[in-house]
Structures are given as C-alpha cells and as structure tokens.
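K.L.:
Take a look at the letters that make up each chain.
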Amino acid sequence: MTRTEPNRSSKSDSENSGGGGGGTTAMRVIVPLQGVVQGRGGLFLGSVIPCAFFYFLQFYLKRNRKNEPDSGEPSPDSDPSSGSPDPTRSQSVGNLTELASLPRSLSRILLSPRLSGGAVSISGRAGCGLKGGDSPYHVGQKRVEEDPYDESGNPDGVIELGSAHNTKMDWVSEDPGEAISDGLCMSGIASYEPSHGLIELKTAVAGFMSEATKNSVSFDPTQIVLTSGAASAIEILSFCLADSGNAFLVPTPCSPGYDRDVKWRTGVDLIHVPCRSADNFNISMLVLDRAFYQAKKRGVRIRGVIISNPWNPTGTLLSRENLYALLDFARERNIHIISNEVFAGSVHEEGGEFVSMAEVVDTEENVDRERVHIIYDLSKDLSFPGLRTAAIYSFNESVLSASRKLTTLSPVSSPTQHLLISAISSPKFVQRFVKTNRERLMRVYAELVKGLKELGIECTRSSGGFFCWVDMRGFMSSYSEKGEIELWNKLLNIGKINVIPGSCCHCIEPGWFRLCFSNLSERDVPVAMNRIRKVCETCKSQN
Amino acid sequence: MGLPLMINNDDNNNNKVELSRVAVSDTHGEDSPYFAGWKAYDENPYDESHNPSGVIQMGLAENQVSFDLLESYLEKKNPEGSLWESKGSRGFRENALFQDYHGLKTFRQAMASFMEKIRGGKARFDPDRIVLTAGATAANELLTFILANPNDALLVPTPYYPGFDRDLRWRTGVRIVPIHCDSSNHFQITPEALETAYETARDANIRVRGVLITNPSNPLGATVQKKALEDLLDFCVRKNIHLVSDEIYSGSVFNASEFTSVAEIVENIDDVSVKERVHIVYSLSKDLGLPGFRVGTIYSYNDNVVRTARRMSSFTLVSSQTQHMLASMLSDEEFTEKYIRINRERLRRRYETIVEGLKKEGIECLKGNAGLFCWMNLGFLLNTNTKEGELELWDVILKELKLNISPGSSCHCSEFGWFRVCFANMSEKTLEIALKRIHEFMDRRRKVLNC
Chain C
1 MTRTEPNRSS KSDSENSGGG GGGTTAMRVI VPLQGVVQGR GGLFLGSVIP CAFFYFLQFY
61 LKRNRKNEPD SGEPSPDSDP SSGSPDPTRS QSVGNLTELA SLPRSLSRIL LSPRLSGGAV
121 SISGRAGCGL KGGDSPYHVG QKRVEEDPYD ESGNPDGVIE LGSAHNTKMD WVSEDPGEAI
181 SDGLCMSGIA SYEPSHGLIE LKTAVAGFMS EATKNSVSFD PTQIVLTSGA ASAIEILSFC
241 LADSGNAFLV PTPCSPGYDR DVKWRTGVDL IHVPCRSADN FNISMLVLDR AFYQAKKRGV
301 RIRGVIISNP WNPTGTLLSR ENLYALLDFA RERNIHIISN EVFAGSVHEE GGEFVSMAEV
361 VDTEENVDRE RVHIIYDLSK DLSFPGLRTA AIYSFNESVL SASRKLTTLS PVSSPTQHLL
421 ISAISSPKFV QRFVKTNRER LMRVYAELVK GLKELGIECT RSSGGFFCWV DMRGFMSSYS
481 EKGEIELWNK LLNIGKINVI PGSCCHCIEP GWFRLCFSNL SERDVPVAMN RIRKVCETCK
541 SQN
Chain U
1 MGLPLMINND DNNNNKVELS RVAVSDTHGE DSPYFAGWKA YDENPYDESH NPSGVIQMGL
61 AENQVSFDLL ESYLEKKNPE GSLWESKGSR GFRENALFQD YHGLKTFRQA MASFMEKIRG
121 GKARFDPDRI VLTAGATAAN ELLTFILANP NDALLVPTPY YPGFDRDLRW RTGVRIVPIH
181 CDSSNHFQIT PEALETAYET ARDANIRVRG VLITNPSNPL GATVQKKALE DLLDFCVRKN
241 IHLVSDEIYS GSVFNASEFT SVAEIVENID DVSVKERVHI VYSLSKDLGL PGFRVGTIYS
301 YNDNVVRTAR RMSSFTLVSS QTQHMLASML SDEEFTEKYI RINRERLRRR YETIVEGLKK
361 EGIECLKGNA GLFCWMNLGF LLNTNTKEGE LELWDVILKE LKLNISPGSS CHCSEFGWFR
421 VCFANMSEKT LEIALKRIHE FMDRRRKVLN C
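So the protein lines, in turn, are chains C and U. Heads up: the first sequence begins at 1 in full-length UniProt numbering, then just goes up one per residue. Heads up: the second sequence begins at 1 in full-length UniProt numbering, then just goes up one per residue.
Where hints are given, some of them may not hold.
[What the hints assert, rightly or not] Okay, derived cross-link-like pairs now, SDA-like style, lysine to any residue, Cα gap no bigger than 20 Å in a straight line:
no. : chain 1 : residue 1 : chain 2 : residue 2
1   : U       : K105      : C       : E145
2   : U       : K360      : U       : F380
3   : U       : K16       : C       : N334
4   : U       : K399      : U       : N383
5   : C       : K405      : U       : T27
6   : U       : K16       : C       : V367
Everything labelled a hint here was simulated from the structure, so no lab data went into it. Just so we're clear, the structure is a prediction, and the values are computed from it rather than from any experiment.
Looking at chain C on its own, in the form it has when it is part of the complex (with noise of 0.2 Å):
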C-alpha cells in the first residue's frame, strides 16, 4: 500500500523536474510508473524504479544517522537551552554546526583506522548545553566581562544593567566592629555536616524570611533545605514535581534563568502563559486556564505552575488576590505552585507589602499547603552572591526528604554556613542591613525612573526586587523581535549598557527592556541617563 504513496510523490517530483530539461528522462520514469498506477503494465521498471528510490534514501538516511553521533545532536523534543531568545534561530544555528562536522568527522575515519566512529560524543543534553552561548544575555555579559564601567578607573567601560547583583552594599562598612566570623575555625571543616544545611543556618534563615514578610509568617527551619544557589532550588524542586515530558506554566515575561534551571537537566517543558501591556502585565487567570487546557489536549501533563513574588522582570508584587487566586486554580487542577520569592526582602515602595505564598496557605487544608514551595535567595537580600546560599521552603514532606538527598549533589559548603550564622543571627546587623538596603534601593529606583521619564521613556511600577521594567517600544525602527534585538545592539555597542532584551524574558510584546539597577550608585544613574539619551537621539534620527 504504502508503495503507491512514493510512487505519486516521485512522479509528481519527476514531472517537476522534468518540466527542467531532464525531459526525455522523465518520460522514461513517468511513463512506466503511470503505466503501474494505471495498471496497464511496465510493472517491472514501474516497481524497480520507487524500490530503487526507496532503498536509495533509506542508504542515505542510513549514512546521514551514522555521522550523528559525532556532532552533540540535541534530543528533539528539549529546546537549545541556557537563556537562547529565540529557539528558531539557535536550531538554525545547530543545523550549521551539523552540517559543519560532517566532513571532519569522515576524515577522521580514514586517518585513524583504530576508531570505530570518530571522535567520542557526548550526551544530547551536553549538546544542548554548548549551544545558546550567543544569546544576548551571554553576549551583554561577557561584554560587560571584558570592559567594565568604572566611575574613576574606566568611565566608558559598559555599564551592567542586565544581571541581578547587588553590589553597592557594604559589609564591612556597615559593620566592622560586629564580630563576624569568617569561618576559619575547626568547625568549619568538622566532618560531613548534612547537605542540606546546619540547622543554626536554617533558623537565621527562617528568621530573615519571616523579617521579609514583616513577621506576618513564621517559617520553621525544619521545613527548609539549603542548596547552593537558587539556580539548584529551581532544578531540584523541578526533578522533585514534574517528570521528564511535563511541564510546568510559566507566565510571562519572566526571568531568563528558568530555560535552563527548570528545562535543561530534567527534560520537563515551560509553557509561556503571555501576560500583556494592557492589563499591566498583571497574571490573567482566564489565559491561564487556556493554556492548561491547551496543553492537556496536546497531551502534555501540566505538573504546576512557577510565579516569582516580587515579580522578575517586572518588580510587580502580587497582591493577596492574586495569590488566593493561584491557590484555587492550582487545587482545581491538582498541580504544584513554586514561588519563587527571591526577592522578598528587597521591596523598595514605600508601603509596599509582600504577601508570601506562605501567608495565604496558612490557614488552608493540609493538602493544599503540600501544593507550595518557596524558593529563597540569602544572596540577594544580603548581597553576597559569592556565597552561593538558597533554600527551598515546602509544607510537603515528601518533597523535603526528596530534596534534601538531592542537596548531597549541591550541597553549601561549611565555612560559608558560618560564616552565615555569625552574620545573620546578629538582629540588630539583619535588621540594619535590610532597612538600609531599601533605602538605597527606593532612592536609585527614583533617580532613575525620573531619569527615564524625562527621556520619554516610561517603565512599569517596581515594587520591590532590582529591576525596572522599561517600555522603549517608540524607539525600535520596527516593532518587531528583529527590531527590539536591533536596539538592544544599539544600547549595548553605542551606549555601552546592558541590559535584558524582553525577548529573553518570553515577553510576547516587543520593545520592552528589563534594567537591574542594584549595581548603580546615585551618582551612576545620570551617567547612564546620558548614554540611553544618546542611543534614543540616534534611533529618532534614523526613524
């Protein structure tokens, strides 16, 4: 049966190129195979010639397989990973290497007759890993890497506006006389402490949690697990509640570390449920809903959903609604909720209240605080991101103990769990620090949102966390990926900034920038006005 089908496609392929000039060629192959279809005869080419097809391409697909092991051929259904904006281009640009390799690899062979297949590969996820470098959150970072904006030793180095640290707090100035260890003492090095964190660092770390939520929660430190950054949080907690072909809903934009911390180990999907302009970007339960349904008739499972409180990118917070809101849809649909509420103890908006996921799944039924885990950053709020210290908050004890055996593989080492201790469980340094910090935080926010404006550029309300979610939608000569791409070169190569395009942040609108102010003094934010004026002239003038 399935023999005609090539038959029809060949013939029709043949007539094609026939119509070229191979005319008489053509005819020889046409008029057998219509003879075969028409069942008059010349059975014998009319069968010969599609076998002959078929065996062809079966000896071509088979020699084309052979060689694929040489190249890190990614599995089909994981996307090219680590932050790539945009999935089309980045397989385009894994077909190229492909393609590239494939002429080595064959050399190879004839020059080393003791190898069976070429050089050794690696895994499809190794494969995926190698790719995305060229993405702009990469490309802006090492930039930033090579010519760093210094205000006195290199003032037209690039300004970093793009990633989250925060590095205009000082410890030592803050407190030198408070006795800080550093953790160079024996207990620092005792034998194998658990993986999953000292239980004096978990209670500093419940403590400053609850100092988040201005004490409205009050987080018991057995139900934390210490990992090594929230980037292994993310990864862990997404192995724990999803398998390999889940997926979790995301809404967007979000943060651009999610396609690799939730996506590239695991083998578990994110479904971008887009928020818009329009509505402030604000989470629309209703286009939540499509997207789970849409998902289940594409046969996907839906295993939860990931929200981050204060918002990355945005610095909304979401407010109590919101959250009951989430808590309904999750317990209708029976999946998980990660909040990811790194930034908690960084709102910055006078009167801002954060309201943790914890708060609202106080009072529900055990069975639905199972549903919420917590993701905490102890390096954002205290601005310490070399000390590589998150944890994983959860109600289900199932997912602790999991979690916590998971940590052996991402554990926190020990003289930075002291050194820790000392430093938070000192309440008067935590509470001095944090207010401090919002402080500064509220007053760079403002200079530059002032800045912005009077460059006619407008950005979303931040609440809290490092971020201004900034409209240069007037600014693109195309209102387009490709246009907003455009720009982001021109800001970063003409006004030597960089900041996060939306596009890697799943922004579904074009034109929106996410700014991380943390790393910009008072004294920094004209300097960079300057340069966004700069790179704006230059776009109006060529518009």
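Position chain U against the provided structure of chain C, taking the given hints into account.
P.N.:
Only chain U this time, still in chain C's reference frame:
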C-alpha cells in the same frame, strides 16, 4: 468558577498532589545497609568518655589523621586566607560579588599545582581545564549528564563505592553495568572482564558510553596498576567510549611511587581523539580532610566537555569564600609539601596497625596501598556463603561489637564476606578499642568452637 470542593479531609489520596518518579524512587540508595549503619551510629555514637560502649563509626571514609596540620595553618589566621584582611574591604567586596562559574583563577591555579604535586610532577594540569563543582559527588553526576543519555550505561568495576548508585544514576537516568572483579587476582580489572561487561550491555541493547574507575579504588584501598590503565584506555579507544578516572584518594597513597594517574598516561599521547575521551575527578574532601568544604573538580582533556561542565556547574558552584580561603592554602608550597608527606606516612602507619591487629585474630585483608580504609575478608565467618549470610554477620558486628563497617554486597562485590573498614576517621585510641572489641569477639568464638 471552580469545581465544588467535595474533598473529604480524611481521603487525602483523591486530590493529593503527586510527585515525580525521581522524587519517589529509591535510587538514592539511602535504604541500603551502607547508610543504615550510619543511622545506628547517629543514634548511639561512641565517645571515649561519655559513651564508651557506643557504636564506633568505621563506615565513613573520612580523613582526620592530619587535622592538626590544618588546624595550625588556619589558626595562624594566615592573612591571605582571611576574607576580611586581604586587600581590606575592597578585597572582601570583590570576593562577595564573585559568582563566575569559571571559578577564581588563583584557586584553579592552586588546584592544578596541588594535583601536580600529588602526582610527583609526572603530569601537568592546565588551570583552564579545571571545572569546579560542590564536591566530587556533583562532579561524577555532572560528567554522567554530559557523557551519557538516559538509559545509556557506564561500566563500573566491582566492588564500587555505594554512592555511585545514586550519583551516577538517580537524576541522570543512566545505568551502571558492573565489570566483575574477584579476589583471584586481587580484584584487578582484566581485559576479559571488560569485554564481558560490554557484551552484557550490548546483548541487553544498552549503549555503553564510558568506563568509570576509582583510582586508588574505593573500597579496595589499592591503586590500579599502570598496565591495567593502559589496557583500559586501549579498550575505550577501541569501543570509542569515555574513560572517567575518579582520583579523589590520589593524595592518600602511602607510597607516592605506587600511584599512576591516568593523567601520566595521557601526558605522553599526542592523538587528540584519544585524549578527548579522558576525564579526571578530584576533590579535597579525602586528601585534605575537608569534606565540609565541598570542593570538587572535573579535569577534562575534551574542550566541549570542559565548556559544558562549566555551564552545568551553575547548579553546583563552590562559594567564592571557600575558593579564596583555599587558594592561599593550596598555593603555599611549603605547607602542601609537608602536608602531603606527613599525611601519607600517618595513613600508612594506621593501615599497618589495623592490618596487623586483624592478622593476629586470623583475619586477612586485601593487600592495600592507599586510601582511608582496608578491605577485610570475613568469608570464613559466614554461616552461608550468600548475601543474607553476609548481612547477618554485618548485623552481628553492628549490634554486638558496635562497629559500623560496610558490607561488600552494598558495594556490589561478587564474592560474599568482604567488608570495608575505615580507619582514618578516628583517634588512635579509638582504633585500639575497635581492635579490642574484634579480639574479644574472635576470642568468644574460638571458645565456642573449641567446646
């Protein structure tokens, strides 16, 4: 809008949210005797003065014999090592903010030089090929993610470290196919055993991606011979697979001349396609006795692997504070030379003490030359030459002698009656007590047999 809530509070299963297969699987292996013994120790730990009849922990491969050397170095408050004092507050801030997954250059250089020193300068290490991970556990898992796809296999010689069942398999979905070794040739890896393992995998339609060895071996406490390493590399080249050499005990070889690292063999090879399949794992936990620091490295001769490992290490980074602190310590030539020399000597003496002590009781051990443990043969004490027989004996040793040792079956040993006994994680006095308990047990047994 939503469904009416008809959930009965007692009937949790109906609407109880589910977890993943990874979360509920027992591939973490923590229910095995290997870990069960640790639990018994945690509940009743031996203490010389407060709990002299408690369980002595001999199941944990940790090095405390040279603690004093570290103590004196660190308590001198060596200024370069201190976060606060180096370059003043600016130094602190740089350190606090450093979060690059490349790792501090000074630290990688220090690691490279330390690894070279351990190998007596017989191999060179390029700091740019060093990828930092939070422990060797993470390094092994990372390499597995990079070298193999789910359902592929790594060949691992038995007996092997029980943690591999978790580290190599749990989240990666990769399988372990054992290369069976036995006492007839001191558990050395033979080319025949390699071929058999490879064929076994092939017959089961499993794709083999590499061989992972530990050199010196855990639990054997013995180095892999140079010839065996060369044969192994040859095998890997013929089958076009990777070779991972976990060398975390390389600094604990009693006699430096008896250790050949795979790095030495690769040093003399120019063919990139051969070198590219070799990867080394190292950690400071065993040699330096710094398990709490969680410092591991992957050293690979393969550029793609280095690049990918670096990116993947984002999930398991070493804190900048730790890197900074150790960079100065590991670069201190005088300290590292002295430490390595004295550490080796002390471990050798401990090993001889325990082996002599056991010999007096008629208990033989495998001839070892490295590591923090010995491989003891209690086959003659088994009631039945089976896994159950071995676990029965293990239980007796744990409950009656209050000694936690690791049964060979948890290391997937193909022969029964072998046990791994750690000797470096205790004082000499405690070791004497442990040997005394064994003496008393064997005495009682002899009396019973003679009646």
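K.L.:
Taking the numbered hints from earlier one at a time, note which ones the structure violates and give those numbers from smallest to largest.
P.N.:
No numbers; nothing is violated.
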